[in-house]
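Make a model of the complete structure from these sequences and hints.
Heads up: the protein sequence lines correspond to chains U and F, in order. Just so we're aligned: 145 in UniProt numbering is position 145 of the first sequence, and the numbers increase by one with no gaps anywhere. Just so we're aligned: 190 in UniProt numbering is position 190 of the second sequence, and the numbers increase by one with no gaps anywhere.
There's no promise every hint is true.
Unchecked claim - Simulated pairs of lysine-lysine, DSBU-like, Cα-Cα distance not exceeding 35 angstroms:
hint	chain 1	residue 1	chain 2	residue 2
1	U	K128	F	K289
2	U	K18	F	K23
3	U	K18	F	K86
4	F	K152	U	K128
5	F	K44	U	K30
6	U	K30	F	K898
7	F	K23	U	K13
8	U	K29	F	K842
9	U	K128	F	K298
10	U	K60	F	K295
11	F	K25	U	K18
12	F	K766	U	K30
13	F	K289	U	K129
14	F	K766	U	K18
15	F	K86	U	K29
16	U	K60	F	K25
17	U	K13	F	K86
18	U	K26	F	K842
19	F	K42	U	K29
20	U	K45	F	K25
21	F	K898	U	K60
22	U	K43	F	K298
23	F	K898	U	K26
24	U	K60	F	K297
25	F	K116	U	K129
26	U	K30	F	K140
27	U	K26	F	K772
28	U	K93	F	K116
29	F	K25	U	K29
30	U	K45	F	K298
31	U	K26	F	K140
32	F	K25	U	K53
33	F	K297	U	K133
34	F	K140	U	K18
35	U	K128	F	K140
36	U	K133	F	K116
As the list claims (entries may be wrong) - Computed far set for chain U versus chain F, every beta-carbon distance over 10 angstroms:
hint	residue
37	R10
38	L90
39	K93
40	L151
Since the hints were made in silico from the structure, they are not lab data. Keep in mind the model is a prediction, meaning the values are calculated, not measured. Backbone N, C-alpha and C fix where the C-beta goes; we use that ideal spot for every residue, glycine too.
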Amino acid sequence: MMQFMLLFSRQGKLRLQKWYQAYPDKTKKKITRELIATILARKPKMCSFLEWKDLKVVYKRYASLYFCCAIEQDDNELLTLEVIHRYVELLDKYFGSVCELDIIFNFEKAYFMCDELLLGGEIQETSKKNVLKAIAAQDLLQEDEAVEGALREIGLL
Amino acid sequence: MPAVRGDGMRGLAVFISDIRNCKSKEAEIKRINKELANIRSKFKGDKTLDGYQKKKYVCKLLFIFLLGHDIDFGHMEAVNLLSSNKYSEKQIGYLFISVLVNTRSDLINLINQSIKNDLQSRNPIHVNLALQCIANIGSKEMAEVFGHDIPKLLVSGDTMDVVKQSAALCLLRLFRTSQEIIPGGEWTSRIIHLLNDQHMGVVTAATSLIDALVKKNPDEYKGCISLAVSRLSRIVTASYTDLQDYTYYFVPAPWLSVKLLRLLQNYPPPDDPGVRGRLIECLETILNKAQEPPKSKKVQHSNAKNAVLFEAISLIIHMDTEPNLLVRACNQLGQFLSNRETNLRYLALESMCLLATSEFSHDAVKKHQEVVILSMKMEKDVSVRQQAVDLLYAMCDKTNAEEIVQEMLNYLETADYSIREEMVLKVAILAEKYATDYTWYVDVILNLIRIAGDYVSEEVWYRVIQIVINRDDVQGYAAKTVFEALQAPACHENMVKVGGYILGEFGNLIAGDQRSSPSVQFQLLHSKYHLCSPMTRALLLSTYIKFVNLFPEIKTQIQEVFKQHSNLRSADAELQQRASEYLQLSIIASHDMLATVLEEMPVFPERESSILAVLKKKKPGRVPENEIREHKSPVPGSTANHQEERSAAKTVSANASTDLLGLSTPPAAPTAGNTGVLVDMLGELYTSGSPQPHANNVAAQNAYNPAKFVCKNNGVLFENDLIQIGVKSEFRQNLGRITLFYGNKTSTALQNFSAAVTNPTGCIGKLNVQSKKVDPTVEAGAQVQQMVNGECVFDYPDAPSLTVTFTCNGTPQKLSLRLPLTVNKFFEPTEMTGEVFFARWKNLSGNEQRSQKIFKATQPMDNTAIRTKLIGFGMQLLDGIDPNPENFVCAGIVHTSKQQIGCLLRLEPNKQAQASNGFYDSPTTMDMFRLTVRSSKESVAVTVCDLLVDQF
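Listed below in structure tokens is the structure:
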């Protein structure tokens, strides 16, 4: 089971955090700080896996963003790399060549996407098509509401 | 500002832009505080906010939280959004609740009500939102409230696939929180049959759930085995076009495959021959596919394919019944060892560690020895080198031990600091385990000390001494080798310890040679004496007295040395005492007496090596094994943990000042019997520092004064007619070890004895304390000890309490004491000049940085007593820096694991001060004190001040 996922920039700024295990806030901050420092200190050609406390950490850098997941001893490291990749693909498809700024300004969307892909620390839906379909359905609901709101405003409804 | 998707909240985007444009941290904080104030006023204002506004503000709060700031309001507004009829508002409400989980009970009910409503919605999007929220929070209350509905949702025929997926994982999350929620009976088979579901997404999610259920109740769910195997079989034989969107970079359903392979690792190989045959076919197919040319050059293709392969290999290793598959797996991993992907090399080394422990594949793994040695030496990434070391350790057996140990020793010279200590342990274990020739073993350990002396722990050098003592065929060689090693101009202190001990026992075996005559041996050892720590010096003194017995011709030379150290020139009390007692022994005792007392050490009882335990402790949960089926006969001369330490400690002295937190606390009550006089004599020495239950502690009868222990670490904590409780404590940085000695003063045994340490609420999370259990029976007149370890995480106000209960002559007794573990114990004294002191003093003049108390003296003012107390308190007493010579000033640093907190103190006595109790009282005179404590942290200043107030 995945314990948490962190997205942070090359400058060490945390961009997104998703915790699947309950930790006190202080611990979360400490873990985040330590992991960001450890990973930023590693060189590009190094292995993407780390032994960290009793967990395994899997990370990968995409442009200016690091994606970092902590998994348990039983979990599969290589496939976790591909969970990260699938998430990146989803973001990319949704935002259209995603960049760090998209995630900063639309962090809530990044969360919604994450909840479709992973739930409770386990993979929920691996099909790219199905996740995007679910997100599109959400957006459609929103747009309907927006249109409805606009119509109401100008007194047409 | 990039385009905002969806319904866009302009205010939020503007705010985020503002934050990004802030030039400094201060500016950012200012902007955030402004926004927080704004949101607070909006939430509190009279004007009711519409949904959109609430959503926007809640979103801003979320963003602020994500920047790392604490958010303590807005929960109510977020909960309001949950019941909005607009999806976008509802969704933000759920997001806020999920990210900033708050278990305020008044809100939980509202949240649960909203979730309940949404679960019943006909719109699957709403249902999923509710399920995701449950899965994100997963609290016990939720398990209670929704434990019934979700299983129904999961297996009902009307439920849509997307909802089933979420329901499965939501249930899994609740199951992890509270195991009772899963219904049994017919539900079991309905859940298992989800493995046959049409929808791959449903199967994937359900497999995770089933895996967890199986772990709790393997028998009930064993029906899943055959279903999992056939599902797996269908996937691995599928062409990549069959599974459409569940094919990932030409690999059919890698996630589901891995989950199924993992699920099967919960069971032994299937009993049913049909199922078993099918599973083996699957595994073969996976291995075959690994040999096929890749369908894509993309790393995603190879990662997904290899993820399945590694999981299949895990299952093959888990089954451990198919020699053919095991060897094939090993060959496959062997290929990966020279793959250009670092990740693959890392994982291959890791998996091979497991293969090395199977009797079928151990030899196949050994074929890759050279490559693995190269990996250890050449890999650029230390984590990969670490894996290589682990694998070498795992593949080592008696045929390759010499080579592997030699290679590890060579590598140690340049190895990364982070892995040295562990490597030292591994080398020591292998050398001992596979030694056929003990001269080789001695060489290896001495090389270890030479190459990586700093990383050689006590256990390792204790162990070599035990083995040398137990094997007379190696003693002469050991003496010769240590003698040679000590001749190096700079040799590690651990070498001096081993050398001193071995020469003291067996120096006579090489004394015939002029080059290592008694006098040469003595001078060689003594030339190192001044460079060593007190503990080693103590050991050397013991060696010298042994020399007096072995070599009477150098007795006068040695007596000179004892004389030098028996007077005040030796600052260490232990050394002084040793030197004077040894001196007397050498003068008074007859030759026969000396020979009896200083006889060779007796053989150590044979037990398993304690080094292995140390290695296991270092790496809980992930110790590479070095257990290959052929069971090695135990090496002669093994001893278990504490036995060994005790024995070693007896002769080498565990001097408290050098071994504060080591394991070798001196035994409180030495067991007489094995070496007679020597043990008894030394026993006195060792216990001299610890409280003697029946010593002249009359004053302490029935006495209990916890305040006394604020300023001292050792002594009698409590005493009455039944029991005496002594305490001895040692502190280093933020760690402390307290040894409690319970002495039974009666002539009957104390029964049901228990001593529990409890942390008061004020200390929880700030001070970690752990105490060992004590034997439930304390025999008449006996003394037992208990270790309590403390770690200061933050400064704390109070001290843990100690509750001692026991039954004496049928009467239950209960004592409640305060453990002498106040925060000042973690002080490090800090020396500083007057200028520095007063500069800092002035800097800390804020109200929240100081604490001051004026109080009456409780005892006559005696400067020496005050000085002793202040020094015992733990701070550095700074003499001659206060303009007023009557005043006392101190400085110290409190070590916590989170921070170090500087602290300054000034105690101003005012003899015969005018004190007035009230307006109408006539003034009287009395001794007064003014105590001022300044610290960078207010709580520390207050606590330190409070602790000291009653002391004078």
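Results of checking the hints against the structure:
At most 35 angstroms may separate the alpha-carbon atoms for a hinted pair to count; U:K128 and F:K289 meet this at roughly 25 angstroms. For the hint linking U:K18 to F:K23, the alpha-carbon distance of about 28 angstroms falls within 35 angstroms, and the restraint holds. Using a Cα cut-off of 35 angstroms, the hinted pair U:K18 and F:K86 holds, with the two alpha carbons roughly 25 angstroms apart. For the hint linking F:K152 to U:K128, the alpha-carbon distance of about 28 angstroms falls within 35 angstroms, and the restraint holds.
Restraint check: the Cα-Cα separation between F:K44 and U:K30 comes to about 33 angstroms, which is no more than 35 angstroms; the hinted pair holds. Between U:K30 and F:K898 the CA atoms are separated by roughly 10 angstroms; this keeps the pair inside 35 angstroms, and the hint holds. For a cut-off of 35 angstroms, the pair hint linking F:K23 to U:K13 stands: about 15 angstroms separates their Cα positions. The hinted pair formed by U:K29 and F:K842 meets the criterion: a straight-line CA distance of about 34 angstroms does not exceed 35 angstroms.
For the suggested pair U:K128 and F:K298, the alpha carbons sit about 18 angstroms apart, so the restraint of at most 35 angstroms is met. Straight-line distance between C-alpha atoms of U:K60 and F:K295 comes to about 23 angstroms, which keeps the hinted pair within the 35 angstroms bound. Taking the CA atoms of F:K25 and U:K18, the gap is about 25 angstroms. The hint holds against a cut of 35 angstroms. Of the supplied pair hints, the one linking F:K766 and U:K30 holds, its CA atoms being roughly 15 angstroms apart against a limit of 35 angstroms.
For the suggested pair F:K289 and U:K129, the alpha carbons sit about 27 angstroms apart, so the restraint of at most 35 angstroms is met. Taking the CA atoms of F:K766 and U:K18, the gap is about 27 angstroms. The hint holds against a cut of 35 angstroms. For the given pair, F:K86 sits about 34 angstroms from U:K29 by alpha-carbon distance, which is consistent with the 35 angstroms threshold. Proposed proximity of U:K60 and F:K25 is supported: the alpha carbons are some 28 angstroms apart, at most 35 angstroms.
The hinted pair formed by U:K13 and F:K86 meets the criterion: a straight-line CA distance of about 33 angstroms does not exceed 35 angstroms. Note on U:K26 and F:K842: the hinted pairing holds, with a Cα-Cα distance of about 32 angstroms set against a maximum of 35 angstroms. Pair hint F:K42 plus U:K29 holds up; C-alpha atoms about 29 angstroms apart against a cutoff of 35 angstroms. Of the pairs offered as hints, the one joining U:K45 and F:K25 holds, with about 33 angstroms between alpha carbons and a cut-off of 35 angstroms not exceeded.
With a CA separation close to 30 angstroms, the supplied pair F:K898 and U:K60 stays within the 35 angstroms bound. Between U:K43 and F:K298 the alpha-carbon distance is near 22 angstroms, which keeps this suggested pair within the 35 angstroms criterion. Between F:K898 and U:K26, the direct Cα distance comes to roughly 11 angstroms. Compliance with the 35 angstroms bound is thereby established for this hinted pair. For the hint linking U:K60 to F:K297, the alpha-carbon distance of about 19 angstroms falls within 35 angstroms, and the restraint holds.
Of the supplied pair hints, the one linking F:K116 and U:K129 holds, its CA atoms being roughly 29 angstroms apart against a limit of 35 angstroms. Proximity of U:K30 to F:K140 is assessed by CA-CA distance (about 26 angstroms); at most 35 angstroms being required, the pair is judged to hold. Of the supplied pair hints, the one linking U:K26 and F:K772 holds, its CA atoms being roughly 28 angstroms apart against a limit of 35 angstroms. As the CA atoms of U:K93 and F:K116 are separated by approximately 33 angstroms, the hinted pair is consistent with the 35 angstroms bound.
A threshold of 35 angstroms between alpha carbons decides the hint, and for F:K25 with U:K29 the separation of about 18 angstroms falls inside it, so the pair holds. With a C-alpha separation of about 17 angstroms, the suggested pairing of U:K45 with F:K298 holds against the 35 angstroms cut-off. A hinted pair counts as satisfied when its Cα atoms are at most 35 angstroms apart, and U:K26 with F:K140 qualifies at roughly 22 angstroms. For the proposed pair F:K25 and U:K53, the alpha carbon gap of about 32 angstroms is at most 35 angstroms, so the pair holds.
A hinted pair counts as satisfied when its Cα atoms are at most 35 angstroms apart, and F:K297 with U:K133 qualifies at roughly 29 angstroms. In summary, the hint linking F:K140 to U:K18 is supported, as the alpha carbons are separated by about 20 angstroms, within the 35 angstroms threshold. For the hint pairing U:K128 with F:K140, the CA-to-CA distance comes to about 33 angstroms; that is within 35 angstroms, so the pair holds. Annotation: proposed proximity of U:K133 to F:K116 holds, straight-line Cα distance about 25 angstroms (limit 35 angstroms).
The Cβ of U:R10 lies farther than 10 angstroms from every Cβ of chain F, with a closest approach of about 16 angstroms, so its non-interface assignment holds. With a cut of 10 angstroms on Cβ distances, U:L90 stays outside the contact zone with chain F, its closest approach being about 13 angstroms. Here U:K93 stays apart from chain F, with its beta-carbon at least about 12 angstroms from theirs, past the 10 angstroms limit. No Cβ of chain F approaches the Cβ of U:L151 within 10 angstroms, the least distance being about 14 angstroms, so the stated non-interface status holds.
Comparing the model with each earlier hint shows no violations; every hint is respected.
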